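Chemist: Listed in order, the protein sequences are those of chains A, B, C and D. Start counting the first sequence at 1; every next residue gets the next number (my numbering). Start counting the second sequence at 1; every next residue gets the next number (my numbering). Start counting the third sequence at 1; every next residue gets the next number (my numbering). Start counting the fourth sequence at 1; every next residue gets the next number (my numbering).
If you're looking for bench data, these hints aren't it; they were derived computationally from the structure. If a hint is listed, it holds; no wrong ones were tucked in.
The list makes no distinction among identical chains, and a pair is therefore deemed to hold if it is satisfied within one copy or across any two copies.
Once the Cα atoms are required to be at most 27 Å apart in a straight line, the calculated BS3-like pairs of lysine-lysine come out as:
(1) Lys136 to Lys103
(2) Lys79 to Lys135
(3) Lys136 to Lys217
(4) Lys117 to Lys103
(5) Lys117 to Lys135
None of the values given here were measured: they were computed from a predicted structure.
Chain residues, written in single-letter form:
There are 4 protein chains.
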Amino acid sequence: MSYNLLKGKRGIIFGALDEHSIAWQTALKVHEEGGNFVLSNAPIAMRMGQIKELATLTNSEIIAADATSLEDLENLVDKATEILGGKLDFVLHSIGMSVNVRKGNHYTNQNYNFTHKGWDVSAGSFHKVMQVLYKKDAMNEWGSIVALTYMASQRVFPDYNDMADNKAYLESIARSFGYFFGKDKKVRVNTISQSPTPTTAGQGVKGFDGFIAYAEKMSPLGNATAIDCANYTIAMFSDLTKRVTLQNLYNDGGFSNMGVSNEVMDTFMGE
Amino acid sequence: MSYNLLKGKRGIIFGALDEHSIAWQTALKVHEEGGNFVLSNAPIAMRMGQIKELATLTNSEIIAADATSLEDLENLVDKATEILGGKLDFVLHSIGMSVNVRKGNHYTNQNYNFTHKGWDVSAGSFHKVMQVLYKKDAMNEWGSIVALTYMASQRVFPDYNDMADNKAYLESIARSFGYFFGKDKKVRVNTISQSPTPTTAGQGVKGFDGFIAYAEKMSPLGNATAIDCANYTIAMFSDLTKRVTLQNLYNDGGFSNMGVSNEVMDTFMGE
Amino acid sequence: MSYNLLKGKRGIIFGALDEHSIAWQTALKVHEEGGNFVLSNAPIAMRMGQIKELATLTNSEIIAADATSLEDLENLVDKATEILGGKLDFVLHSIGMSVNVRKGNHYTNQNYNFTHKGWDVSAGSFHKVMQVLYKKDAMNEWGSIVALTYMASQRVFPDYNDMADNKAYLESIARSFGYFFGKDKKVRVNTISQSPTPTTAGQGVKGFDGFIAYAEKMSPLGNATAIDCANYTIAMFSDLTKRVTLQNLYNDGGFSNMGVSNEVMDTFMGE
Amino acid sequence: MSYNLLKGKRGIIFGALDEHSIAWQTALKVHEEGGNFVLSNAPIAMRMGQIKELATLTNSEIIAADATSLEDLENLVDKATEILGGKLDFVLHSIGMSVNVRKGNHYTNQNYNFTHKGWDVSAGSFHKVMQVLYKKDAMNEWGSIVALTYMASQRVFPDYNDMADNKAYLESIARSFGYFFGKDKKVRVNTISQSPTPTTAGQGVKGFDGFIAYAEKMSPLGNATAIDCANYTIAMFSDLTKRVTLQNLYNDGGFSNMGVSNEVMDTFMGE
Numbered sequence: 001m002s003y004n005l006l007k008g009k010r011g012i013i014f015g016a017l018d019e020h021s022i023a024w025q026t027a028l029k030v031h032e033e034g035g036n037f038v039l040s041n042a043p044i045a046m047r048m049g050q051i052k053e054l055a056t057l058t059n060s061e062i063i064a065a066d067a068t069s070l071e072d073l074e075n076l077v078d079k080a081t082e083i084l085g086g087k088l089d090f091v092l093h094s095i096g097m098s099v100n101v102r103k104g105n106h107y108t109n110q111n112y113n114f115t116h117k118g119w120d121v122s123a124g125s126f127h128k129v130m131q132v133l134y135k136k137d138a139m140n141e142w143g144s145i146v147a148l149t150y151m152a153s154q155r156v157f158p159d160y161n162d163m164a165d166n167k168a169y170l171e172s173i174a175r176s177f178g179y180f181f182g183k184d185k186k187v188r189v190n191t192i193s194q195s196p197t198p199t200t201a202g203q204g205v206k207g208f209d210g211f212i213a214y215a216e217k218m219s220p221l222g223n224a225t226a227i228d229c230a231n232y233t234i235a236m237f238s239d240l241t242k243r244v245t246l247q248n249l250y251n252d253g254g255f256s257n258m259g260v261s262n263e264v265m266d267t268f269m270g271e
Numbered sequence: 001m002s003y004n005l006l007k008g009k010r011g012i013i014f015g016a017l018d019e020h021s022i023a024w025q026t027a028l029k030v031h032e033e034g035g036n037f038v039l040s041n042a043p044i045a046m047r048m049g050q051i052k053e054l055a056t057l058t059n060s061e062i063i064a065a066d067a068t069s070l071e072d073l074e075n076l077v078d079k080a081t082e083i084l085g086g087k088l089d090f091v092l093h094s095i096g097m098s099v100n101v102r103k104g105n106h107y108t109n110q111n112y113n114f115t116h117k118g119w120d121v122s123a124g125s126f127h128k129v130m131q132v133l134y135k136k137d138a139m140n141e142w143g144s145i146v147a148l149t150y151m152a153s154q155r156v157f158p159d160y161n162d163m164a165d166n167k168a169y170l171e172s173i174a175r176s177f178g179y180f181f182g183k184d185k186k187v188r189v190n191t192i193s194q195s196p197t198p199t200t201a202g203q204g205v206k207g208f209d210g211f212i213a214y215a216e217k218m219s220p221l222g223n224a225t226a227i228d229c230a231n232y233t234i235a236m237f238s239d240l241t242k243r244v245t246l247q248n249l250y251n252d253g254g255f256s257n258m259g260v261s262n263e264v265m266d267t268f269m270g271e
Numbered sequence: 001m002s003y004n005l006l007k008g009k010r011g012i013i014f015g016a017l018d019e020h021s022i023a024w025q026t027a028l029k030v031h032e033e034g035g036n037f038v039l040s041n042a043p044i045a046m047r048m049g050q051i052k053e054l055a056t057l058t059n060s061e062i063i064a065a066d067a068t069s070l071e072d073l074e075n076l077v078d079k080a081t082e083i084l085g086g087k088l089d090f091v092l093h094s095i096g097m098s099v100n101v102r103k104g105n106h107y108t109n110q111n112y113n114f115t116h117k118g119w120d121v122s123a124g125s126f127h128k129v130m131q132v133l134y135k136k137d138a139m140n141e142w143g144s145i146v147a148l149t150y151m152a153s154q155r156v157f158p159d160y161n162d163m164a165d166n167k168a169y170l171e172s173i174a175r176s177f178g179y180f181f182g183k184d185k186k187v188r189v190n191t192i193s194q195s196p197t198p199t200t201a202g203q204g205v206k207g208f209d210g211f212i213a214y215a216e217k218m219s220p221l222g223n224a225t226a227i228d229c230a231n232y233t234i235a236m237f238s239d240l241t242k243r244v245t246l247q248n249l250y251n252d253g254g255f256s257n258m259g260v261s262n263e264v265m266d267t268f269m270g271e
Numbered sequence: 001m002s003y004n005l006l007k008g009k010r011g012i013i014f015g016a017l018d019e020h021s022i023a024w025q026t027a028l029k030v031h032e033e034g035g036n037f038v039l040s041n042a043p044i045a046m047r048m049g050q051i052k053e054l055a056t057l058t059n060s061e062i063i064a065a066d067a068t069s070l071e072d073l074e075n076l077v078d079k080a081t082e083i084l085g086g087k088l089d090f091v092l093h094s095i096g097m098s099v100n101v102r103k104g105n106h107y108t109n110q111n112y113n114f115t116h117k118g119w120d121v122s123a124g125s126f127h128k129v130m131q132v133l134y135k136k137d138a139m140n141e142w143g144s145i146v147a148l149t150y151m152a153s154q155r156v157f158p159d160y161n162d163m164a165d166n167k168a169y170l171e172s173i174a175r176s177f178g179y180f181f182g183k184d185k186k187v188r189v190n191t192i193s194q195s196p197t198p199t200t201a202g203q204g205v206k207g208f209d210g211f212i213a214y215a216e217k218m219s220p221l222g223n224a225t226a227i228d229c230a231n232y233t234i235a236m237f238s239d240l241t242k243r244v245t246l247q248n249l250y251n252d253g254g255f256s257n258m259g260v261s262n263e264v265m266d267t268f269m270g271e
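With the hints as constraints, model all of the structure from the sequences given.
Modeler: Structure below.
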C-alpha cells in the first residue's frame, strides 16, 4: 500500500547491503511512496552485497562511494543531482563499522588505529556527507537528513564496544550541523535510534541473539524491525515532520524509557 | 492534499476550542486523511468555542465531557465507539489549565486548591481517559494515544507556573500507562512537546508574545505552528510509527536541543 | 570520622522513621559533620517510629508536622529557626507515600482519591515546604535544599505505580522553585535519585527484593545504600557544591546510564 | 579552610596551564585537602605555562606527557605511582583543543585532518589514560576519575565548533569505560559539565565574553567559577560520592535546566 508521501522527492540512500539492511527496506519503502533516489555504498560492501537487485527493484542507479572520501562524496552528490534532475529532498546515512569489534578487541584493550578508522567511517562520514551537501547547496528547502544510530550512545551496552562512542559523536554531529543546515538552508537533521536489528552488520556483535531476546522482553511493543524503521524514516522524510530537527528519535518499542519490565524480572527470577 | 493515512481509523479528539487550537487543526487534518472521530470538550469550553462549526466541517459529532469525571468519560467512550461503529484507533488529549495562572498567583505564592484543580484537569485527566479506555478495552491493537505537552516540564520557563509541574506529571503518565497499554493491548502512548503556540489558551501566559519571538530566534527552523503539530500528530496516528511508544517528541524547530543561537546572542548583545 | 563539613550549619530533616530510613542515616551524618537540625515527621509516622532515639543520638529536637498542612509547616519553620538560633542552611525532604500502592490498586485501576492523597503527600508537600521557607525568608544565602526521588520518575518500573508520577512532579518542582529560590535567595535546590533502598517504606513495593537483586547486578558499582545517600547529601549540603542547582543527581552505582550489564544478561540467559 | 577530605589520597592532575585553569585551581584545592599528586601536561603547554610555580605551591612533581601517546602515558603512570608511593585514588582529565577553532575554520568547513587531531587530543586521550590505568591496575578500589566537559556535547552552542562533538565522545567514553572500571576495579568515572569559564583556553572561542554574560543571566545562581569546579571535583574525589558513577554532572548555576530566565527575556526585549 502506498500513500504517495514522497512523490516527486529525490534523495540518496547510503548503506544498503542486503535485504536484512535497514537501508534496503527503506529504499523499498521510499520507492513505494514515490521517491526517487541514488543508492550508494562503499566499493567493498558493494562487491559483497546484492545491491544491484535492489537497484532493479527500485528503478534506481548505484554510485559507489567511500563515505570517508571527500572526493568520492563530491562525485556522488554531483552525479546524483544530475541523474535525479534537481536538488535533493532526503538523505539516509546508514553507515557504521568498528574494526575493534571485527578484530575481537575488548573495549579496554583498543587498538587506536582501529578506533580511528571506526570513528572516521561511522561518525566522521556523516559530517563529510553533510559538509559536501551544504557547500554544494545540494538540498532543497525543507529537505530531511536522517542518520541511524543506537542507544549505546547514551547508555552502556558492554558488547557494543567503541561503536557506542562513535554513535555519540554521530548524534552530536546531527545537532551541531543541524543548526547550520536549519538556519541557512531550512533542512532538518535527525537521528533514529533503532531497536537492535538482526542485520548482517549487527550479527558481528557478541551475544547478539540473547540481547535481542532481552530487548524484546523489555520493550512493551517488542523490538522495532527493519521495516518499522523504514516506515518511521518515511515519516521523517515526508512533509508531515517539517519542524522536527536536532532530535534523536527512538524507534524501539519503548525500550529507551523502560527501567525494567515485568517480563524481564520474571525471567531474571527464574519464573 | 490528502495521503489517506488514516483511512478507516476512528478516534476521539479532546480540546478543540477555536481555529487557533492545535486540536482544531488536528481535527481538520485527521478528517482530510480519512479518519473519523468524535469531538469532546468540557461543557464550559464548548459554550465559549465554535466547536459546532468544526463538527460540521469534519462531519463529526460532539460529546461534552468533563475530563476529570469518570462518569462523563465512560459515557463518552461508550457513545463514541457506538457512533463510530467500533473500537478506537487514535486519541488526542489536548487539555490543560492552571487556575493559579488565571488568577495571577505567582509560582512561589500558590493557592493549593487551585494547584490541585489545575493538576486534576491538566494531568489527572490523561490518566482517567486512559483508565476508562483500558478498562473498557476500547482501543484497537496498534492504536495510538497522543497528549500535547510543553518543554517547561523538563526545563524552567518561569511564567509557565504550575503548568510546568502538571506537564511533567502528564509525561510520566504517558510512560507509566504506556507500558501497560503496550504490553496488554499493543497500543502506543506518546506526548508531543510543541513550540509555544499562539492558541487562545496560550495567550493567558504573561509575556507570551515576547517569548514567542525569543523561541523563533532560538529555533533553527523557527517555531512549529499548530498546523505543523497537526501534521506530526497525523504521523503519530498513522501506521508509519507503530513501534514508537513512551516517547516525548519535540516538535519545536530544534529549540529543545539548542544551548544558544547566534540570532539570540545578536539580539542579547544589542546588535 | 568527621570532616566538619557542616560546622555551624542549621537545618530541618524530614522523614526519619527508623534506622533503615535514608533520612535517619543522613541525620546521623549531618550531626557527625557538625550540623544542627530539627527532626520532623508526620504525627502518625512518629508514633510508629523510633525518632526519639535519633533525637537523643543527634542532640536534636523533634517537631511533628503534617507536610501537607501549611499551618503545621509554618509552625515548624518558626520553631526550628528559633530553636536553632537563626536562618536555615539545609533542608532534606524525604517524604513519600502512595495510597494506591498500600491498598493494592494496580496502576491501571486507580482510586483517584488515593491518587490525589499520594500526590499531595509525596510531591505537593515539597512545594509547600519551599513556599513556607521562601515566604518567611527562612533560608540563608547559599543554603541547600535536597529532596529524595527515584528513577521511576523518568523510566518505567511497573510496580512503582503512581509514585512514579509523583516523583516526576517532585523533580519538576525542584526545577521550577529552584529557579526562584536561586535568583531571589541564592539557595540551591536539587533532587537525589537513589538506588532502590530496603527502607521500611520501600518494602511496601511488590517484588522489591527481586528488584534489588536485579539493580545490584545492573549497576557497575552495586546499589547505593542509605549511608551512601547520606554521604552524598552531606556533599550537597556542604560548601563544595555551591553552584549546583536544578539538578536530578543519580546516586545509584551507575544504574541510570546502563542499557544492560553482562551480569544481567548472564542471569537472563540462565548462565 | 581544609576539611582533610583527601588525606592520604594520591592522583594525577592533567591540564594545569596557568592560574585561570580549572586544573590549576583543582590542584590547589586537592593539596589543601591533603591529597598528593603528580602534575602532567603536554610538553608544549608546559613551556607556555607556569606549571613549575604550581608544583612548588603544591609540593608536587611534574611529568610531561603527550596524552595521545601511549608510551608517554605508560611512563607517566609508572613514575607517578613510584613517586607517590602506591596506587592512585584520583585522576583529573582537563584536556581539550580544537585545531579547527584555532585556525578559524567554520563548523561547516572543517579540515578533517584538524578534526582528527582535535578528537584525538580532546576525547581519545581520555580513553588512552584510562586504558593505561586499567591495564596497569594502577587505581585503588573506590578511586575516582573525573573529566571536564561542556554542555555543547548535548545542546548546540554554534561557536563551540567541533569541540561539541569531541565532548560528546568524551562523555560516552566516561560511560563505556566507567562500566568496566566499575565492575572490574570498583573505580568510578564521571564528567563534570562546567559553566563557560574564562580560562586561557576558553578565550579562543569567538564571542566568548558575550556568551559568559548570557550564561550569567540565564543561570539562577550565576556561572560556576574555576574555584567552584575545583570544589565540586574535590567532592567527587572524596569518599562522600562512592556510588556515583557514569554520570555527567552539571556545575553551572542551573543553566542546563533553564528554558529561559526572566533576566535573559528582559535583555532580549530591550528592557
